[in-house]
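J.: Below are the chains, spelled out letter by letter.
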Amino acid sequence: MVPELTQFENGFRMSVNALDVENVSVSHNGALAINKISFNVQEGDLLGIVGPNGAGKTTLFRAILGLQAYHGKIKLFGYEGSQYTTLLSMIGYVPQKVNFEPNFPATVYDVVAMGILSKKRLMKGAVLIQSCGCSWNRIFSTSSKNHEKIEEALKIVGLESFKDRRISELSGGEQQRTFIAKSLVKEPLLMILDEPVTGVDMDVQNKFYSVLRKINKENKITIVWSSHDLTAISDLATRVACMNRELFFHGEKEEFFANKDMLKTYSESAMQLHMHKHDM
Amino acid sequence: MIFMNLDILSYGFMQRALLTGIVVSITCSMIGLFLVLKRYSLFGDALSHVAFGGIALGFFLNVYPIWTAFAVSVSTALGITKLRKSTKISGDAAIAVLLSSGFAMGVLLISASHGFTIDLFSFLFGSILLTSMQDALLIVAVSCGVIVTLVAIRKPLIHFTFDEEQAKVHGIPVEKLNYLFVALAAVTVIATMRLVGILLISALIVLPNITSIMMGKGFKKTMMISISLSVSAVIAGITISYYFNLAPAGTIVMLMVAMFVGTLIAKHVGMFSKTLNENSLSTVN
Numbered sequence: 001m002v003p004e005l006t007q008f009e010n011g012f013r014m015s016v017n018a019l020d021v022e023n024v025s026v027s028h029n030g031a032l033a034i035n036k037i038s039f040n041v042q043e044g045d046l047l048g049i050v051g052p053n054g055a056g057k058t059t060l061f062r063a064i065l066g067l068q069a070y071h072g073k074i075k076l077f078g079y080e081g082s083q084y085t086t087l088l089s090m091i092g093y094v095p096q097k098v099n100f101e102p103n104f105p106a107t108v109y110d111v112v113a114m115g116i117l118s119k120k121r122l123m124k125g126a127v128l129i130q131s132c133g134c135s136w137n138r139i140f141s142t143s144s145k146n147h148e149k150i151e152e153a154l155k156i157v158g159l160e161s162f163k164d165r166r167i168s169e170l171s172g173g174e175q176q177r178t179f180i181a182k183s184l185v186k187e188p189l190l191m192i193l194d195e196p197v198t199g200v201d202m203d204v205q206n207k208f209y210s211v212l213r214k215i216n217k218e219n220k221i222t223i224v225w226s227s228h229d230l231t232a233i234s235d236l237a238t239r240v241a242c243m244n245r246e247l248f249f250h251g252e253k254e255e256f257f258a259n260k261d262m263l264k265t266y267s268e269s270a271m272q273l274h275m276h277k278h279d280m
Numbered sequence: 281m282i283f284m285n286l287d288i289l290s291y292g293f294m295q296r297a298l299l300t301g302i303v304v305s306i307t308c309s310m311i312g313l314f315l316v317l318k319r320y321s322l323f324g325d326a327l328s329h330v331a332f333g334g335i336a337l338g339f340f341l342n343v344y345p346i347w348t349a350f351a352v353s354v355s356t357a358l359g360i361t362k363l364r365k366s367t368k369i370s371g372d373a374a375i376a377v378l379l380s381s382g383f384a385m386g387v388l389l390i391s392a393s394h395g396f397t398i399d400l401f402s403f404l405f406g407s408i409l410l411t412s413m414q415d416a417l418l419i420v421a422v423s424c425g426v427i428v429t430l431v432a433i434r435k436p437l438i439h440f441t442f443d444e445e446q447a448k449v450h451g452i453p454v455e456k457l458n459y460l461f462v463a464l465a466a467v468t469v470i471a472t473m474r475l476v477g478i479l480l481i482s483a484l485i486v487l488p489n490i491t492s493i494m495m496g497k498g499f500k501k502t503m504m505i506s507i508s509l510s511v512s513a514v515i516a517g518i519t520i521s522y523y524f525n526l527a528p529a530g531t532i533v534m535l536m537v538a539m540f541v542g543t544l545i546a547k548h549v550g551m552f553s554k555t556l557n558e559n560s561l562s563t564v565n
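Same order as they appear, the protein sequences are chains A and B.
Quick note: the first sequence, position 57, residue 57 per the working numbering, numbers continuous.
Quick note: the second sequence, position 4, residue 284 per the working numbering, numbers continuous.
For the record, the hints were derived by calculation from the structure and aren't laboratory data.
None of these values were measured; they are calculated from a predicted model.
No residue lacks a Cβ here, since even glycine has one placed at the ideal position from N, Cα and C.
Just so you know, not all the hints are guaranteed correct.
As the list claims (entries may be wrong) - When the alpha-carbon atoms are kept at most 27 Å apart in a straight line, the in silico BS3-like pairs for lysine-lysine are as follows: (1) 501/B to 145/A; (2) 456/B to 75/A; (3) 155/A to 500/B; (4) 155/A to 75/A; (5) 456/B to 163/A; (6) 435/B to 119/A.
Unchecked claim - Some chain A residues close to chain B (C-beta under 10 Å, calculated; not the full set): (7) 65; (8) 67; (9) 86; (10) 88; (11) 91; (12) 99; (13) 100; (14) 104; (15) 116; (16) 117; (17) 164; (18) 169; (19) 171; (20) 182.
Unchecked claim - If you want the footprint, here are the derived chain B segments under chain A, 3+ residues with CB under 8 Å: (21) 444-454; (22) 490-499.
Let the sequences and hints guide you as you build the complete structure.
T.: Shown next as structure tokens:
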């Protein structure tokens, strides 16, 4: 079923949201990990999600990615059900850490090549996106061969000279950039990045942020990104969501950073969780 | 000088032994690389013990034992995979269950029938030189089937082996793929029994692969190196065992152990790290 296009603003027809999360709850062994979270992400947004450790950010991402059972509704470009599943494969996902076998004999090129989607799947996704009135901002020319896509994605993340190196030989930051390249070659409709540079040095973090800015601004890719780095969020994000099992705030970043109470709530909730963990 | 003498190729049993040995070693290397990388190295060993139960069942029922081994191994492999998923039993525990139950079943059936026979003994320790035309054709056909299937599903299988969750998000049907993979592994084990026997199968699955992984290459090259090492060991092992009247299975496996130890020493001496450094420098420049 094609999503309805009935939203109007100032006389212009608005396309559907890239992502709609409606009253989503997840419980682990009876305990609520996230409670009735609702927000949306518009095309071209770079949504920064902040919240303390244990706030349920990863659980929320896993629910969106179909890796976690949940209550509520999640829509991708207005679609649910089998069409959601079709579009799911066109989401680029970079987790906090990819747990691969350290001796895995894959080069950077091999890993990025894993992200290539078949032409048939891309066509199916393109038809769905066109049907809902959204635009698919392709990174590569439609005639690009897989090899050219891989080379181009490696160039975007600045790893073109590392392509023959084994993935296990790379630093944490370089590995994360490789996984971003792997997400890029699938020409993603949306990218989900879960604290992708936690534990890496400032220099690597800055390189990573410049890649993030580039793929959002130049390649027009919608990004949902969780981080503890409020400075980076304030520099890069277009909108912010703040959560700690429940959603405290969702809106423009200027509004978030202007709200001292909200920032205080964020740091207090982080502190409470920290103390709770120590009490246990 | 004796290796220059190719009269061994004039014997039908040697032709069959070399043909089946080469095909089986290619299959074992290919499936073994995925097993090793998924940390399922002992899965082949466990399946071979289940196959022993299947072989014993064949002798007990007076049915061609390879068929019963196929049926028992594939169904057990699929069953244990389902059990692991539904009960969250760890991989090593599942292997222990498979290993002991398969062997216990075999011992039970043997004691209930005529005890050990020469045929049963040959399945335990391998009898590549005694491979009949019927066995050879079956082994080659089955192995070729496994190779073709692995080549066809290589891309999703590599992704699935690298990271199951990422593969799932990518739209790969990981559960179905996992069932297909364990079924292929079970079939490979049955095809390998004649070559090295039930007790040495895991050596063929593991040794060439851990040796090639040490060489620091990409996935395709690692698999090609593993296949080359395995095929070389099988050809050399069969030839040496013929001329020196040694057990082929033991000779093949000891050659593979020698390759592994040699590579390990070379790596410690710095041969491969030097190659890696050169590669790194060339890519940076």
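J.: List in ascending order the numbers of the hints, as given earlier, that are violated by the structure.
T.: Checked against the structure, the hints that fail are numbers 4, 5, 19, while the rest are satisfied.
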